[in-house]
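A.B. asks: Sequence:
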Amino acid sequence: MPAPPLPPLAERMRPQSLDQVVGQGHLVGPGAPLRRLLEADTLASLILWGPPGVGKTTLARLLAQALRRPFATLSAVSSGVRELRAILEAAETTPGTVLFIDEIHRFNKAQQDALLHGVESGTVTLIGATTENPSFEVIGALLSRCQVYVLEALSRSELEEVLRQALARDVVLGGQAIELLETEALYNLSSGDARRALNLLELVVSSSPARPLGITDAAVVAAAQQKTTRYDKAGEQHYDTISAFIKSIRGSDPNAGLYYLARMLEGGEEVRFIARRLVILASEDIGNANPNALLLATACFQACDVIGLPEARIILAQAVTYLATSPKSNAAYLGIAAAQAAVARQPDLPVPLHIRNAPTRLMKELGYNRGYKYSHDYAGAEGNQDFLPQALSRTVFYQPKPVGKEKELLAFLRRQWAGHYDYGEPTP
Numbered sequence: 005m006p007a008p009p010l011p012p013l014a015e016r017m018r019p020q021s022l023d024q025v026v027g028q029g030h031l032v033g034p035g036a037p038l039r040r041l042l043e044a045d046t047l048a049s050l051i052l053w054g055p056p057g058v059g060k061t062t063l064a065r066l067l068a069q070a071l072r073r074p075f076a077t078l079s080a081v082s083s084g085v086r087e088l089r090a091i092l093e094a095a096e097t098t099p100g101t102v103l104f105i106d107e108i109h110r111f112n113k114a115q116q117d118a119l120l121h122g123v124e125s126g127t128v129t130l131i132g133a134t135t136e137n138p139s140f141e142v143i144g145a146l147l148s149r150c151q152v153y154v155l156e157a158l159s160r161s162e163l164e165e166v167l168r169q170a171l172a173r174d175v176v177l178g179g180q181a182i183e184l185l186e187t188e189a190l191y192n193l194s195s196g197d198a199r200r201a202l203n204l205l206e207l208v209v210s211s212s213p214a215r216p217l218g219i220t221d222a223a224v225v226a227a228a229q230q231k232t233t234r235y236d237k238a239g240e241q242h243y244d245t246i247s248a249f250i251k252s253i254r255g256s257d258p259n260a261g262l263y264y265l266a267r268m269l270e271g272g273e274e275v276r277f278i279a280r281r282l283v284i285l286a287s288e289d290i291g292n293a294n295p296n297a298l299l300l301a302t303a304c305f306q307a308c309d310v311i312g313l314p315e316a317r318i319i320l321a322q323a324v325t326y327l328a329t330s331p332k333s334n335a336a337y338l339g340i341a342a343a344q345a346a347v348a349r350q351p352d353l354p355v356p357l358h359i360r361n362a363p364t365r366l367m368k369e370l371g372y373n374r375g376y377k378y379s380h381d382y383a384g385a386e387g388n389q390d391f392l393p394q395a396l397s398r399t400v401f402y403q404p405k406p407v408g409k410e411k412e413l414l415a416f417l418r419r420q421w422a423g424h425y426d427y428g429e430p431t432p
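With my numbering applied, the sequence shown corresponds to residues 5 to 432, in that order.
Please note that a few of the clues may not be correct.
Straight-line Cα separation of at most 27 Å, DSSO-like style, residue types lysine-lysine; simulated pairs [unchecked claim]: (1) K409 - K251; (2) K411 - K251; (3) K377 - K251.
Computed spacing ranges between beta-carbons, pair by pair [as the list claims (entries may be wrong)]: (4) N112 - V176: 51 to 61 Å; (5) D244 - S210: 16 to 26 Å; (6) A345 - R86: 45 to 55 Å; (7) Y337 - S159: 18 to 28 Å; (8) A90 - A226: 27 to 37 Å; (9) V175 - A44: 34 to 44 Å; (10) L71 - F277: 45 to 55 Å; (11) A222 - Y337: 42 to 52 Å; (12) E183 - Q306: 48 to 58 Å; (13) S125 - P363: 49 to 59 Å; (14) A341 - D257: 46 to 56 Å; (15) Y337 - A226: 15 to 25 Å; (16) A345 - Q394: 32 to 42 Å.
The set of hints was computed from the structure by calculation and includes no laboratory data. Ideal placement from N, C-alpha and C gives every residue a C-beta, glycine not left out.
Use the sequences and the hints to build the structure in full.
C.D. replies: Below, the structure written as structure tokens:
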């Protein structure tokens with residue numbers, strides 16, 4: 005009877021202890037959070053957030069293994085509420101069960117709601133793995149019961165360490181005359197994903213029977229049958245490109261905006277990430293100079309979420325060109341920053357008595373709401389009164405700019421608050 009086939013190289017090289025984990029030193033190194041949990045012989049529910057192939061599943065297994073806890077696993081792609089409830093019922097008789105849910109962001113609200121009681125009661129200790137920002141993809145009630153740990157894509161040196169370990173220790177590759185001569189293609193094609201890098205290495209080795217064998221960039225590209233890309237979704241190119249993208253739109257250059265959009269799309273960037281950044285830009289860099297910018301950017305985000313690629317590129321292109329050609333103002337962004345700074349300096353300034361709520365007789369006797377002018381009773385500026393705490397009276401946080409729709413807002417505020425707030429002199 006033939007021997008069963010060996011699992012892929014990436015599975016064969018899966019770490020068997022925290023000491024074998026390459027990367028994620030901020031989580032598993034000496035004194036790091038996950039290491040401290042093991043040393044304290046405890047484990048709380050947590051969510052591991054990071055790109056593919058950086059060790060989320062491995063860490064979940066190692067934590068349960070090190071603490072000798074029962075381990076159950078679900079994939080949110082193929083499992084539903086029925087499978088989840090079966091595990092929760094079984095966990096009632098096996099205290100301390102660690103439930104690992106891969107791609108937890110794919111669970112809908114009802115499925116995530118079904119987890120709440122088990123997590124809150126301690127029936128299970130949840131470890132969720134996600135490649136998406138849990139702030140957007142995990143319901144608040146569940147997120148508040150979990151600690152979020154961020155995993156990072158492997159650096160080039162860490163990826164090289166993983167590959168060298170495979171060539172030295174793997175039951176198949178170890179001992180063969182194979183040398184890692186170049187790593188740029190392996191790194192670029194894997195984007196810091198250890199699993200993908202190991203799969204590429206195994207592909208190159210299996211397609212090159214001659215020994216000795218030197219692994220070169222050309223050999224990797226030939227085996228992968230695709231060109232290397234300089235866009236790394238989790239590394240420097242990711243941040244450089246999105247920075248150039250935002251700054252181009254802020255600088256009112258639709259051509260550059262479209263170019264960097266194309267760079268990201270061709271590099272495999274997440275469409276929702278791009279659309280989300282456009283929503284932020286619409287408020288941060290355009291604001292009330294064109295209030296419709298936020299509406300269009302939000303519609304773009306929603307449409308991209310429903311449509312997906314390849315058609316979503318058209319929706320993104322429309323939003324990019326609209327935002328790039330809109331008048332720009334960062335007044336709202338500067339305003340909230342200034343207001344937060346004021347709160348940080350003086351966090352507990354008393355609310356003026358005349359605008360406090362007065363639901364009881366005692367509050368009214370103490371002067372709450374006394375002297376308040378009901379704004380609708382005044383035709384114009386006659387009803388002006390101080391709304392800010394006395395220590396901040398006449399402080400201007402929001403300073404509209406004389407562009408687009410904000411020019412009208414600026415004129416209104418100058419009329420409404422003449423002699424109170426200083427909004428500068430009207431432009432001749």
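A.B. asks: Taking 45 to 55 Å as the hint, is the beta-carbon distance of L71 and F277 inside that range?
C.D. replies: Distance hint for L71, F277 is violated at roughly 35 Å.
A.B. asks: Does 48 to 58 Å hold as the CB distance between E183 and Q306, or does it fail?
C.D. replies: Holds, at about 51 Å.
A.B. asks: Between A90 and A226, does the C-beta distance stay in 27 to 37 Å?
C.D. replies: Given range 27 to 37 Å: violated, Cβ gap about 47 Å.
A.B. asks: Sort out whether K251 lies within 27 Å of K377, counting only the CA atoms.
C.D. replies: Answer violated: K377 to K251 is near 45 Å, above 27 Å.
A.B. asks: Honestly, do D244 and S210 meet the 16 to 26 Å range at C-beta?
C.D. replies: violated (35 Å)
A.B. asks: Quickly compare the C-alpha distance for K409 and K251 to 27 Å and report which way the hint goes.
C.D. replies: holds (22 Å)
A.B. asks: Could you see if the CB distance from V175 to A44 stays within 34 to 44 Å?
C.D. replies: holds (35 Å)
A.B. asks: Could you say whether the range 32 to 42 Å given as a hint is met by the Cβ separation of A345 and Q394?
C.D. replies: violated (18 Å)
A.B. asks: At the C-beta level, are A345 and R86 separated by a distance inside 45 to 55 Å?
C.D. replies: Holds, at about 51 Å.
A.B. asks: Note whether the CB distance of Y337 and A226 lies within 15 to 25 Å or breaks it.
C.D. replies: For A226 against Y337, whose Cβ atoms are near 49 Å apart, the range 15 to 25 Å is violated.
A.B. asks: Indicate whether the distance between the beta carbons of Y337 and S159 respects the range 18 to 28 Å.
C.D. replies: Roughly 33 Å apart at Cβ, these two residues miss the hinted range, so it is violated.
A.B. asks: Between the beta carbons of S125 and P363, is the distance compatible with 49 to 59 Å?
C.D. replies: Violated: the Cβ-Cβ distance is about 38 Å, outside 49 to 59 Å.
Checked against the numbered hints above, the structure breaks hints 3, 4, 5, 7, 8, 10, 13, 14, 15 and 16 and satisfies the rest.
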